[in-house]
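Engineer: What follows is each chain in one-letter form.
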Amino acid sequence: MNRYFWILGGFAALVALLAVGLGLNPRDVPSPLVGKPAPAFNLNVLATPDKTLGPKDMQGKVWLLNVWASWCVSCRAEHPVLVEFSKKVDVPLIGLNYKEVRGDGAFDMSKMPADEERKLAFQRANKWLADHGDPYKLTVMDLDGRVGIDYGVYGVPETYVIDKSGVIRMKHTGPITPEILGKKIMPLLAELNK
Amino acid sequence: MKRQFLIALFVFGAFFGSTAAFANAATEAATAADPVAEKRLQKLSEELRCLVCQNQTIADSNAELAQDLRREVRGMIKDGKSDQEIVDFMVTRYGDFVLYRPPVKGITLLLWGGPVALMLFGLFALRGYLRRRASQINAEDKPLTAAEASRADALLKEIDQK
Chain A
48 MNRYFWILGG
58 FAALVALLAV
68 GLGLNPRDVP
78 SPLVGKPAPA
88 FNLNVLATPD
98 KTLGPKDMQG
108 KVWLLNVWAS
118 WCVSCRAEHP
128 VLVEFSKKVD
138 VPLIGLNYKE
148 VRGDGAFDMS
158 KMPADEERKL
168 AFQRANKWLA
178 DHGDPYKLTV
188 MDLDGRVGID
198 YGVYGVPETY
208 VIDKSGVIRM
218 KHTGPITPEI
228 LGKKIMPLLA
238 ELNK
Chain B
1079 MKRQFLIALF
1089 VFGAFFGSTA
1099 AFANAATEAA
1109 TAADPVAEKR
1119 LQKLSEELRC
1129 LVCQNQTIAD
1139 SNAELAQDLR
1149 REVRGMIKDG
1159 KSDQEIVDFM
1169 VTRYGDFVLY
1179 RPPVKGITLL
1189 LWGGPVALML
1199 FGLFALRGYL
1209 RRRASQINAE
1219 DKPLTAAEAS
1229 RADALLKEID
1239 QK
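Top line first, the protein sequences correspond to chains A and B. According to my numbering, the first sequence is numbered sequentially starting from 48. According to my numbering, the second sequence is numbered sequentially starting from 1079.
Since the hints were derived computationally from the structure, they do not count as laboratory data. All C-beta atoms, glycine included, are put in the ideal place defined by N, C-alpha and C. Heads up, some of the hints might be wrong.
Derived DSS-like pairs (lysine-lysine); straight-line CA-CA distance at most 30 Å [to be verified]:
| hint | chain 1 | residue 1 | chain 2 | residue 2 |
| --- | --- | --- | --- | --- |
| 1 | B | Lys-1183 | A | Lys-83 |
| 2 | A | Lys-158 | A | Lys-184 |
| 3 | A | Lys-83 | B | Lys-1159 |
| 4 | A | Lys-231 | B | Lys-1117 |
| 5 | A | Lys-103 | A | Lys-211 |
| 6 | A | Lys-211 | A | Lys-230 |
| 7 | A | Lys-184 | A | Lys-103 |
| 8 | A | Lys-103 | B | Lys-1159 |
| 9 | B | Lys-1183 | A | Lys-158 |
| 10 | A | Lys-231 | A | Lys-184 |
| 11 | A | Lys-103 | A | Lys-166 |
| 12 | A | Lys-241 | A | Lys-108 |
| 13 | A | Lys-158 | A | Lys-241 |
| 14 | B | Lys-1117 | A | Lys-158 |
| 15 | B | Lys-1156 | A | Lys-83 |
| 16 | A | Lys-83 | A | Lys-103 |
| 17 | A | Lys-83 | A | Lys-158 |
| 18 | A | Lys-134 | A | Lys-158 |
| 19 | A | Lys-241 | A | Lys-211 |
| 20 | A | Lys-241 | A | Lys-230 |
Quick list of the computed label-pair ranges, beta carbon to beta carbon [what the hints assert, rightly or not]:
| hint | chain 1 | residue 1 | chain 2 | residue 2 | range |
| --- | --- | --- | --- | --- | --- |
| 21 | A | Asn-72 | B | Gln-1134 | 17 to 23 Å |
| 22 | B | Lys-1121 | A | Met-233 | 45 to 51 Å |
| 23 | A | Gly-57 | B | Ser-1213 | 39 to 45 Å |
| 24 | B | Cys-1131 | A | Ala-87 | 27 to 33 Å |
| 25 | A | Phe-52 | B | Glu-1124 | 43 to 49 Å |
| 26 | A | Lys-98 | B | Gln-1145 | 29 to 35 Å |
| 27 | A | Gly-57 | B | Leu-1187 | 40 to 46 Å |
| 28 | B | Ser-1160 | A | Pro-84 | 38 to 44 Å |
| 29 | B | Ala-1111 | A | Pro-234 | 27 to 33 Å |
| 30 | A | Ala-87 | B | Arg-1205 | 36 to 42 Å |
| 31 | B | Arg-1211 | A | Phe-52 | 18 to 24 Å |
| 32 | A | Asn-72 | B | Glu-1124 | 34 to 40 Å |
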């Protein structure tokens, strides 16, 4: 009887371990950037390509940085949530367009000159925002994904919450759902804006 | 049945053969230009995890991000950065998860110590089992007590009488 108890107990422990382990999201890798200053960048603004924007320009404000691209399927799912957010909440949402052209995979980059990539990227990003609505205060263009590497981007969409002193307070990988917005992001924004 | 197996084997071989060839073509030119740097790149990228396809190194993976990271590592090697500096660059951006050999610290203790702890537990369990079994065998080998002996005698007599 005692022996069966042990076997059953071991089995139950294994089931519990697997239930917890398989329930975790393997894509959700904790970012080492949380609690650190947002990496600097200076990228061209989508609407005004002759101007640039960086985290320095946002100093003193609580803001969101949302990484997106028109080829990103999950971004499409997330987009209505962001549009709704931008209508209701007075927190600047900055878009970081990540590898608009070279991330697509539909283009042979070895044959595309840089200025053509640039032109196409701005064109595609503008069209996407015109078609789906533009929740962003501004969007900056990370054509080669170099800034994305500094932010540890590995799966678009990703969203960063950055506080008044320019420190990253939260990172969310994957599309923002109304639930994540309501339970995690909104309370944090309220706290940071206190 | 056998034919199906051969076809499957062929498809498998063709697929992996072609991806290997693809990876080679991309790096061949760079290797020719600077074999020492390429060797370092190869060694470093075998230690770094690709975060898109998480069970591949950035050396194995052909994901966009892995290509970008290889390019980044190549650039840092060219700039004369040390291996440690390059690894630190990756860790500050992607965390310890990017390392195939994570450092030993609080949160990774179970990862590093778990197998040893499980083995020790197994050894103790085995020792307990062997001891119990030995004492059981010893118990069976003991001479009969007086009461047992007289009962055995009685039973044997009963059989003899029949």
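Engineer: Of the hints stated earlier, which fail here?
Structural biologist: 2, 4, 9, 13, 17, 18, 23, 27, 28, 29, 30 and 32
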